[in-house]
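Residue strings, one per chain:
Protein chains: 2
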Amino acid sequence: MEYTSMSREQLQAEHAAVSKEFDALKARGLKLDMSRGKPGKAQLDMVSGILSILADPADCVVDGVDVRNYGELTGLPCAKRYFAEILGCKSEECFIGGNASLTLMYDTIAKAYTHGLLHSEKPWAKLDTVKFLCPAPGYDRHFKISQSFGMEMITIEMTETGPDMDAVEAAVKDPAVKGMWCVPKYSNPEGVVYSEETIRRIAGLKPAAPDFLLMWDNAYCIHEFDGDYVPFPDILSLCREAGNPDMVFEYASTSKVTLPGAGVSVMATSVDNMKYMTGLLGIQTISYDKVNQLRHVLFLKDKAHTLELMKKHAAIMKPKFDAVVSALDEEIAPLGIAQWKRPKGGYFVSVDTMDGLAKRTLALCKEAGVVMTGAGATFPYGVDPRDRNIRIAPSLPPVEELEQAIAVFCTCLKLAALEKLLAA
Amino acid sequence: MEYTSMSREQLQAEHAAVSKEFDALKARGLKLDMSRGKPGKAQLDMVSGILSILADPADCVVDGVDVRNYGELTGLPCAKRYFAEILGCKSEECFIGGNASLTLMYDTIAKAYTHGLLHSEKPWAKLDTVKFLCPAPGYDRHFKISQSFGMEMITIEMTETGPDMDAVEAAVKDPAVKGMWCVPKYSNPEGVVYSEETIRRIAGLKPAAPDFLLMWDNAYCIHEFDGDYVPFPDILSLCREAGNPDMVFEYASTSKVTLPGAGVSVMATSVDNMKYMTGLLGIQTISYDKVNQLRHVLFLKDKAHTLELMKKHAAIMKPKFDAVVSALDEEIAPLGIAQWKRPKGGYFVSVDTMDGLAKRTLALCKEAGVVMTGAGATFPYGVDPRDRNIRIAPSLPPVEELEQAIAVFCTCLKLAALEKLLAA
Chain Y
0 MEYTSMSREQ
10 LQAEHAAVSK
20 EFDALKARGL
30 KLDMSRGKPG
40 KAQLDMVSGI
50 LSILADPADC
60 VVDGVDVRNY
70 GELTGLPCAK
80 RYFAEILGCK
90 SEECFIGGNA
100 SLTLMYDTIA
110 KAYTHGLLHS
120 EKPWAKLDTV
130 KFLCPAPGYD
140 RHFKISQSFG
150 MEMITIEMTE
160 TGPDMDAVEA
170 AVKDPAVKGM
180 WCVPKYSNPE
190 GVVYSEETIR
200 RIAGLKPAAP
210 DFLLMWDNAY
220 CIHEFDGDYV
230 PFPDILSLCR
240 EAGNPDMVFE
250 YASTSKVTLP
260 GAGVSVMATS
270 VDNMKYMTGL
280 LGIQTISYDK
290 VNQLRHVLFL
300 KDKAHTLELM
310 KKHAAIMKPK
320 FDAVVSALDE
330 EIAPLGIAQW
340 KRPKGGYFVS
350 VDTMDGLAKR
360 TLALCKEAGV
370 VMTGAGATFP
380 YGVDPRDRNI
390 RIAPSLPPVE
400 ELEQAIAVFC
410 TCLKLAALEK
420 LLAA
Chain U
0 MEYTSMSREQ
10 LQAEHAAVSK
20 EFDALKARGL
30 KLDMSRGKPG
40 KAQLDMVSGI
50 LSILADPADC
60 VVDGVDVRNY
70 GELTGLPCAK
80 RYFAEILGCK
90 SEECFIGGNA
100 SLTLMYDTIA
110 KAYTHGLLHS
120 EKPWAKLDTV
130 KFLCPAPGYD
140 RHFKISQSFG
150 MEMITIEMTE
160 TGPDMDAVEA
170 AVKDPAVKGM
180 WCVPKYSNPE
190 GVVYSEETIR
200 RIAGLKPAAP
210 DFLLMWDNAY
220 CIHEFDGDYV
230 PFPDILSLCR
240 EAGNPDMVFE
250 YASTSKVTLP
260 GAGVSVMATS
270 VDNMKYMTGL
280 LGIQTISYDK
290 VNQLRHVLFL
300 KDKAHTLELM
310 KKHAAIMKPK
320 FDAVVSALDE
330 EIAPLGIAQW
340 KRPKGGYFVS
350 VDTMDGLAKR
360 TLALCKEAGV
370 VMTGAGATFP
380 YGVDPRDRNI
390 RIAPSLPPVE
400 ELEQAIAVFC
410 TCLKLAALEK
420 LLAA
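One line per chain: the protein sequences are Y and U, in this order.
Numbering that gives the first Met the number 0 applies: residue 0 is where the first sequence begins, and numbers increase by one.
Numbering that gives the first Met the number 0 applies: residue 0 is where the second sequence begins, and numbers increase by one.
So that you can see chain Y by itself, here it is in the shape it has in the complex:
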């Protein structure tokens, strides 16, 4: 029976029962973590081969480059070819970075502020106002970059097919709107795959700002955990064909393919942008870690071989997502107090509760020993206007711990809903 259809007496009885459940869970002194999209130990162990794949100094010279020494700012040619195949772009459009695509994203924004982008009239630090479009719910670390630079973030509603494009097209008419964050495949946190139509409209935007920056974080481009690999279009080609060749910077990494802390990142952009950005990046570093780039190319080989590895990750991930969604289906669906998506890839399950329950639910979870991403984190400035979105990250705990954690979550969500309904 849905909570909203219950009488006050029924709600009181349910509250008493759920409170008892909560107290029992709390008494177990759990310490469980569903806060971040961290791969679990089984996934790390699965790729141990990468640790020792490059052991012989004779193997350290490739394409005429000794990977151990300084040099090759834009990355090893073989690493650029590898990522170009994954992303569907050209190898000369790829810049291979260190272990974090987040750092490449930050660097792009930072250089927009300190030096300006290729088509900037001046560095953004010299502007009074910089606005940025933030489809939400979205990735908290994107929003934190924007916030750190003092941008004015404009929330764009996420739909089943990606950002609300009518809103985006209207917003970019303002020359102070300098860019947009996008996670086009298995968006963080909802797992939405942008539709072909959405992507076409994004590539064809006519922003007033000549240096509009499309931040295309393709973090989950090959990260299906349910079903076959879903092809995606090359955003660089689409932007070029739409007359916006220099509008987009695309990012990806092997953080959730090999080792989260020791992977390789890539930034893909037009050759003209690449020329401009390497002029700036060459001041900052001589080269990124090419030994690790070569390890990755030797271990991952090519797209086909990488997709096989992703199937093995999926085999570890799917039972975890199933555990979360099954618990929600069983425990929460009949009560009508929340909704959620059923993603087929990415690292999250996004739950929308009845308005006003997210903070309280997560506070209760914390009390019962389950850490989750903070409420509001998926919105600009950390403020969810309806206090309802909760990001569940099921990847880190083993299934048996996860089942306990999600049971705690369901109990806390029920309790929060009952408290609210009884207070009304």
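One or more of the hints may lead you astray.
Remember, identical chains collapse to one label, so a pair may be satisfied in a single copy or spanning two.
Mimicking DSSO-like on lysine-lysine, the simulated pairs with C-alpha atoms at most 27 Å apart in a straight line are [to be verified]:
| no. | residue 1 | residue 2 |
| --- | --- | --- |
| 1 | Lys143 | Lys125 |
| 2 | Lys121 | Lys358 |
| 3 | Lys274 | Lys365 |
| 4 | Lys130 | Lys343 |
| 5 | Lys358 | Lys340 |
Don't read these hints as lab results, they were simulated from the structure.
Add chain U to chain Y, keeping to what the hints say.
Frame of chain Y, contents of chain U only:
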């Protein structure tokens, strides 16, 4: 006989002979490189063990941290302890970065511009003028960072004991002077070790700018190639004792200890600075490559073990420096057309020619197939006011190639000097 004591006839005869020598060298079609401080292949091969030292996933958990996963922004505790011992500071003062200390330096300056430092009144991007002290000859990549951000660089003369401290103390009275570049041990390119007195005066500076930034690039802190390890004082303690606890950021790396392209870098600064900077750095990355940090700790162990390894590097490096200095002593010293230092550590030999010979000498070298660091590179804006400083980097070529390269250099220098004297 010194060239300046020669008659015109003698000079003409010498010019004819040296020209013939030059033509013969040029005809050999050499392709030799003394341009950058790159370790040679024998040095890289010597540390091959680091490639496979961490192969077992069971070894990947240290201090309770799985180094393969995300986390630990400031670095692995054991890596911080390792660098703290090398630098003589505390481990909580160490931030472990990626493969390039240059990037940590750039990031510090970039954050001063975009966000300001701990004691900044506003971000430097909001200031009309930012001046920076540049002891010269110095490291071209430092000067390029300053130039890239549009700083006004003020050249400070280098002496036998470090930067001219009278000039420095006078300059910092200007509140627009926001910092200074320093390479305190085996300075690039001269190999000068700052004296105790110089370091004491630097630590005790009373800059007008509250956010004066002492960029202490201790790149060659354990890089003796001739003689025993020379201890150096902990600049963090000295600044703290002088009442300037937050003035200094120190940098070092293993680029010339293990692998130049795949080492580990460190930034050391006060705990207050660390707290402020990690607040900004945590927006930029989740963590640097801890797998590589652990490889380094396992391979290098501690300071004593690292100094043993540096002796092995020295055994490879010293014959190369000897070859350069011997050739200069034999071929150039009697002619009175240049002077040079005899460094005991670092990666360079710095030659000061008679005024006005550097560019021409290097152009001739290029013609004869020997690439060197560009003339002027060791000065702000790439302009050597007396056109005389040449940086020789002997580390990369094997000794037999190096002997050829330095022979070419000597011939070119002679020819440049003769041309100039004959034109006078």
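Hint by hint, here is what the structure shows:
{"no.": "1", "hint": "Lys143 x Lys125", "result": "both (21 Å within a copy, 22 Å between copies)"}
{"no.": "2", "hint": "Lys121 x Lys358", "result": "neither (41 Å within a copy, 35 Å between copies)"}
{"no.": "3", "hint": "Lys274 x Lys365", "result": "between (48 Å within a copy, 26 Å between copies)"}
{"no.": "4", "hint": "Lys130 x Lys343", "result": "neither (32 Å within a copy, 54 Å between copies)"}
{"no.": "5", "hint": "Lys358 x Lys340", "result": "within (20 Å within a copy, 67 Å between copies)"}
Checked against the numbered hints given earlier, this structure breaks hints 2, 4; the rest are met.
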